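Q: Each chain, written out:
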Amino acid sequence: MARAALQLLLLALLGAAGTWFGGWWALPIIGGVYGWRGGRPLLAGLGAALAWGALFLMLPAAPVGRLLTRLGALAHLPGPALIALTLLFAGLLGWSAARLVAPETRPSR
Amino acid sequence: MSAGRWVAGLTFLALTGVSLVRPGPAPRLGPLADPVHGIWSVAASADPPASARVRIPGLVAPVQVAFDDRAVPHIFARNELDALRALGYVVARDRLFQLELQWRAGAGRLTELVGAAALPVDRESRGLGLPDAARARYAALPPQARDRRLLEAFSEGVNARITGLTAREIPLEYHLLDRRPAPWEPVDSYYLLARMGWTLAYSDLEDTRARAAALVGDAAADALYPRESPIQEPIQPNGAGAPRFDLPPLPPPGLPSVTRAATPPPLLAAARRRPDGLEADAIGSNNWAVAPIRSADGNALLAGDPHLELTLPSIWYEAHLVVPDSLDVYGVTIPGATGIVIGFTRALAWTFTNAEADVLDRYAEVVDAPDAPTRYRVDGAWRPLRVVTEEYRDRRGALLRADTLRYTHRGPLLRAADGWQSLRWTVLEAGGEQGIFGRAARAADARAWLDSMAGYRAPAQNMLVADRGGSIAIRSTGHFPLRPGDRGDLVLPGDTSASDWTGEWSAGEMPQAIAPAQGYLASANQQPVDPRADPRYLGANWYSPWRALRINALLRADSAVTPDAMRRYQTDPGSAAADLFVPALLAAAARNPGRDSVALAARLLEEWDRRYTRDNTRAILYETVLRELGDRLWDELEPSRARGELPSPGYAVVLGLLRDSTSAWWDDRRTATVVEQRDHIIADALAAALHEVSDRYGNPEGDGWRWDRVRHARINHLLYLPALSAPGIPVQGGQSTLSPTSGSGSFGASWRMVVELGPQVRAWGTYPGGQSGNPASARYDDRIRQWSEGQLDTLLVPATVDQVPGSGARIRFDAMGND
Numbered sequence: 001m002a003r004a005a006l007q008l009l010l011l012a013l014l015g016a017a018g019t020w021f022g023g024w025w026a027l028p029i030i031g032g033v034y035g036w037r038g039g040r041p042l043l044a045g046l047g048a049a050l051a052w053g054a055l056f057l058m059l060p061a062a063p064v065g066r067l068l069t070r071l072g073a074l075a076h077l078p079g080p081a082l083i084a085l086t087l088l089f090a091g092l093l094g095w096s097a098a099r100l101v102a103p104e105t106r107p108s109r
Numbered sequence: 001m002s003a004g005r006w007v008a009g010l011t012f013l014a015l016t017g018v019s020l021v022r023p024g025p026a027p028r029l030g031p032l033a034d035p036v037h038g039i040w041s042v043a044a045s046a047d048p049p050a051s052a053r054v055r056i057p058g059l060v061a062p063v064q065v066a067f068d069d070r071a072v073p074h075i076f077a078r079n080e081l082d083a084l085r086a087l088g089y090v091v092a093r094d095r096l097f098q099l100e101l102q103w104r105a106g107a108g109r110l111t112e113l114v115g116a117a118a119l120p121v122d123r124e125s126r127g128l129g130l131p132d133a134a135r136a137r138y139a140a141l142p143p144q145a146r147d148r149r150l151l152e153a154f155s156e157g158v159n160a161r162i163t164g165l166t167a168r169e170i171p172l173e174y175h176l177l178d179r180r181p182a183p184w185e186p187v188d189s190y191y192l193l194a195r196m197g198w199t200l201a202y203s204d205l206e207d208t209r210a211r212a213a214a215l216v217g218d219a220a221a222d223a224l225y226p227r228e229s230p231i232q233e234p235i236q237p238n239g240a241g242a243p244r245f246d247l248p249p250l251p252p253p254g255l256p257s258v259t260r261a262a263t264p265p266p267l268l269a270a271a272r273r274r275p276d277g278l279e280a281d282a283i284g285s286n287n288w289a290v291a292p293i294r295s296a297d298g299n300a301l302l303a304g305d306p307h308l309e310l311t312l313p314s315i316w317y318e319a320h321l322v323v324p325d326s327l328d329v330y331g332v333t334i335p336g337a338t339g340i341v342i343g344f345t346r347a348l349a350w351t352f353t354n355a356e357a358d359v360l361d362r363y364a365e366v367v368d369a370p371d372a373p374t375r376y377r378v379d380g381a382w383r384p385l386r387v388v389t390e391e392y393r394d395r396r397g398a399l400l401r402a403d404t405l406r407y408t409h410r411g412p413l414l415r416a417a418d419g420w421q422s423l424r425w426t427v428l429e430a431g432g433e434q435g436i437f438g439r440a441a442r443a444a445d446a447r448a449w450l451d452s453m454a455g456y457r458a459p460a461q462n463m464l465v466a467d468r469g470g471s472i473a474i475r476s477t478g479h480f481p482l483r484p485g486d487r488g489d490l491v492l493p494g495d496t497s498a499s500d501w502t503g504e505w506s507a508g509e510m511p512q513a514i515a516p517a518q519g520y521l522a523s524a525n526q527q528p529v530d531p532r533a534d535p536r537y538l539g540a541n542w543y544s545p546w547r548a549l550r551i552n553a554l555l556r557a558d559s560a561v562t563p564d565a566m567r568r569y570q571t572d573p574g575s576a577a578a579d580l581f582v583p584a585l586l587a588a589a590a591r592n593p594g595r596d597s598v599a600l601a602a603r604l605l606e607e608w609d610r611r612y613t614r615d616n617t618r619a620i621l622y623e624t625v626l627r628e629l630g631d632r633l634w635d636e637l638e639p640s641r642a643r644g645e646l647p648s649p650g651y652a653v654v655l656g657l658l659r660d661s662t663s664a665w666w667d668d669r670r671t672a673t674v675v676e677q678r679d680h681i682i683a684d685a686l687a688a689a690l691h692e693v694s695d696r697y698g699n700p701e702g703d704g705w706r707w708d709r710v711r712h713a714r715i716n717h718l719l720y721l722p723a724l725s726a727p728g729i730p731v732q733g734g735q736s737t738l739s740p741t742s743g744s745g746s747f748g749a750s751w752r753m754v755v756e757l758g759p760q761v762r763a764w765g766t767y768p769g770g771q772s773g774n775p776a777s778a779r780y781d782d783r784i785r786q787w788s789e790g791q792l793d794t795l796l797v798p799a800t801v802d803q804v805p806g807s808g809a810r811i812r813f814d815a816m817g818n819d
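In order, the protein sequences belong to chains A and B. When we follow this note's numbering, the leftmost residue of the first sequence carries the number 1, and every step to the right adds one. When we follow this note's numbering, the leftmost residue of the second sequence carries the number 1, and every step to the right adds one.
Some hints here could point you the wrong way.
Simulated restraints on C-beta separations [said to hold, decoys possible]:
no.	chain 1	residue 1	chain 2	residue 2	range
1	B	Ala642	A	Pro78	38 to 46 Å
2	A	Ile29	B	Leu399	51 to 59 Å
3	B	Arg395	A	Ile29	26 to 34 Å
4	A	Pro78	B	Gly644	33 to 41 Å
Don't read these hints as lab results, they were simulated from the structure. Quick caveat: nothing in here was measured; it's all calculated off a predicted structure. C-beta atoms are modelled at their ideal positions from N, C-alpha and C, and glycine is treated no differently.
Using the sequences and the hints, build the whole thing.
A: Written as structure tokens, this is what we have:
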């Protein structure tokens with residue numbers, strides 16, 4: 001459990017750093033490498049979502065609130081749903097990349 | 001392969017696919033959703049850093065910029081070019097997307113930014129010759145010309161911002177469009193100016209007159225769309241001290257006149273239509289000034305509120321430029337213009353209204369081939385056409401369309417249903433406007449300011465100025481052509497050089513008034529000069545005089561005007577038109593007893609104090625009655641009027657008709673068996689309006705008829721995205737009031753300013769929007785509420801950077817290579 005938590009934290013840190021210095025494509029790369037090395041796809045997905053969640057928290061709250069209102073209206077969705085969808089997008093990117101390249105039978109841990 | 005892997009594979013392919021390749025018009029999802037580089041990141045740049053150091057190529061000396069509590073930059077530079085470099089940078093910081101959208105609109109290159117949907121707008125701009133003229137004007141500037149250096153300095157500032165942009169500083173609209181900002185070229189300022197010329201000086205009188213004559217004959221057309229305003233309250237005081245009503249009898253509808261070139265080229269027909277069905281009296285700018293003899297504190301006062309399409313961000317950007325011993329000017333600039341357009345110095349203040357002069361003529365040309373001409377004939381000799389191929393490209397550079405454009409010596413040659421017509425338009429020939437504002441801002445007094453502006457060409461403006469010495473002055477300034485013959489509202493034969501303009505009005509000939517005895521001056525787009533004082537042809541498309549009547553009445557009645565009164569007048573709810581029309585409507589109703597609905601409508605109208613306050617519940621009935629009246633009255637002009645091809649005659653013409661109860665115009669030809677007269681038509685209009693308003697808004701005694709429920713301002717985002725717009729803003733004022741609103745409400749007072757020119761200049765102002773173009777910023781729309789309530793902010797004019805109050809951001813600009 002502790003090992004999984006540590007891996008999740010590491011994935012989140014890598015995902016945040018990768019996005020910061022590179023871009024969105026860091027998430028599938030990190031997820032892919034993690035999955036290829038036998039990591040659990042679910043953790044890759046959670047790590048990616050966590051990474052972007054952390055990056056969201058680094059944005060100033062008031063402007064994000066205004067942006068949520070306006071972009072929510074643009075997308076005809078409640079503002080918070082946009083953040084949820086953004087995190088879901090990140091999670092799916094990380095999970096799908098990891099699951100796609102993961103060994104068919106994962107070694108037991 | 002397991003099902004799970006299939007699901008993962010498909011998910012991966014789908015997500016990376018829409019992140020790498022644009023799915024149709026939508027942006028790529030990955031770059032868009034990225035919280036560091038995507039759309040969310042604009043939140044990080046909503047509040048600019050408290051301090052920054054920026055290097056600008058070409059900068060000669062350091063420049064300091066301090067933003068006050070209203071996010072207005074106060075720019076302190078050691079020379080004007082450096083001030084413009086800094087201005088370019090801060091405008092780009094706050095309005096980068098607007099800058100690009102505006103130059104592209106003038107250049108006819110919007111499709112390259114927003115896609116094929118903008119093709120009609122681009123074809124219009126290029127078809128009218130706007131970018132061609134802009135390029136020619138820039139190319140004509142000598143390398144060391146002052147205007148060229150101003151344009152280049154501004155450009156250096158904008159590009160310093162663009163090249164230094166971090167991902168988080170890219171405006172939101174670029175994320176939505178999946179584009180990056182294009183570099184700014186000096187000529188882009190001319191594209192912007194050309195588009196402003198189209199907005200303010202495109203008035204095709206030939207079309208209106210020809211269409212009307214084709215329906216009701218020449219005499220009736222001339223009377224319906226009169227050359228002289230039927231109500232005279234001119235800008236240049238005529239000494240009457242009151243409006244003069246010249247309301248001649250309207251000749252009856254005549255036989256259609258077969259007028260050559262009655263149909264304008266399709267491009268022009270589309271260009272002349274207003275976007276949202278605006279009523280004739282629904283838009284218009286105002287300015288007025290009061291001399292010390294009529295102000296409470298003995299200081300000259302000036303107020304201005306140019307009315308334009310309201311957008312978010314606003315067309316205006318507020319700034320203060322200071323160059324010691326040279327320039328100290330505060331006001332508003334249009335992003336892309338190289339200076340303050342409307343504003344004040346420590347010596348004087350100025351503002352504009354549109355002159356509405358006739359500065360466009362059409363010529364029916366004789367060409368050598370009906371489908372693809374290469375020559376046109378003048379004075380019996382063939383001249384070659386200048387032929388240009390214009391290519392329109394999409395965002396990927398793919399060719400969308402190519403147009404062949406042709407030019408005569410007069411201007412663009414356009415195809416009409418019955419031949420080819422060329423267009424001569426002062427907007428395509430203007431020059432010198434870029435640097436003229438900076439020069440004028442150095443003037444010491446009103447007279448010197450007018451002299452500085454004498455070279456201004458287009459779009460023609462009523463330029464009002466007041467100075468600290470107590471002088472007030474106004475001049476209708478621009479390139480006013482001298483034409484052969486007496487009128488410019490007819491399509492002229494192009495095959496003779498005798499049709500060509502022979503010159504232009506000199507500055508001394510332009511309508512003007514300096515230090516008038518009446519102690520005040522006012523313009524509201526009305527006819528500048530009483531034709532009895534100067535009968536020369538200046539135009540024939542004067543706005544209805546109601547706003548002019550109202551502001552003149554207010555100023556006549558107040559011999560101790562205060563700055564706060566000037567502010568209140570800007571949103572004054574009184575209507576000179578309603579004061580004249582309501583009694584006439586009530587009188588007609590009284591002559592039609594026995595119809596309950598007419599009596600009820602009259603009673604409701606009688607309850608109205610004829611003021612368009614927010615809580616009044618009768619203005620909506622009055623406006624509907626007028627519309628119903630017009631629908632019944634102008635049946636002779638259908639179907640052109642209903643299709644928007646022919647504007648309704650002004651209500652001043654209707655006022656004249658009200659005096660003639662049996663005029664043939666009152667007869668509704670659609671009712672073949674009845675010959676209607678005035679009172680019958682008015683009664684029908686009252687009953688129909690009551691029915692319509694009750695159906696739509698409920699009980700007359702309920703809140704549904706409140707003005708702030710039925711009429712609103714609407715401030716659209718530049719891309720017309722509803723989520724980034726501000727709809728439904730309650731306002732005081734309606735059709736023909738000083739702050740008119742009508743149609744969709746998307747036109748209105750774009751900047752309101754009041755200046756008191758005392759020992760210390762004091763000023764107040766606001767515009768509907770905010771300084772920032774970033775929708776995540778609190779400064780995006782923070783002034784709208786204040787604007788809606790008719791309030792103004794105090795404008796701060798610190799003398800040094802240390803005097804700039806507040807905790808706003810500060811930027812120090814350094815030359816490249818300096819530490």
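Q: Does each hint fit the structure? Answer for all of them.
A: Quick rundown of the hints versus the structure:
1. B/Ala642 - A/Pro78: 38 to 46 Å: For B/Ala642 and A/Pro78 the Cβ distance comes to about 43 Å; the hint holds.
2. A/Ile29 - B/Leu399: 51 to 59 Å: The hint (51 to 59 Å, Cβ to Cβ) is violated, given that A/Ile29 and B/Leu399 are roughly 37 Å apart.
3. B/Arg395 - A/Ile29: 26 to 34 Å: Roughly 28 Å apart at Cβ, these two residues keep to the hinted range, so it holds.
4. A/Pro78 - B/Gly644: 33 to 41 Å: 40 Å, holds
The structure fails hint 2 only (numbered hints given earlier).
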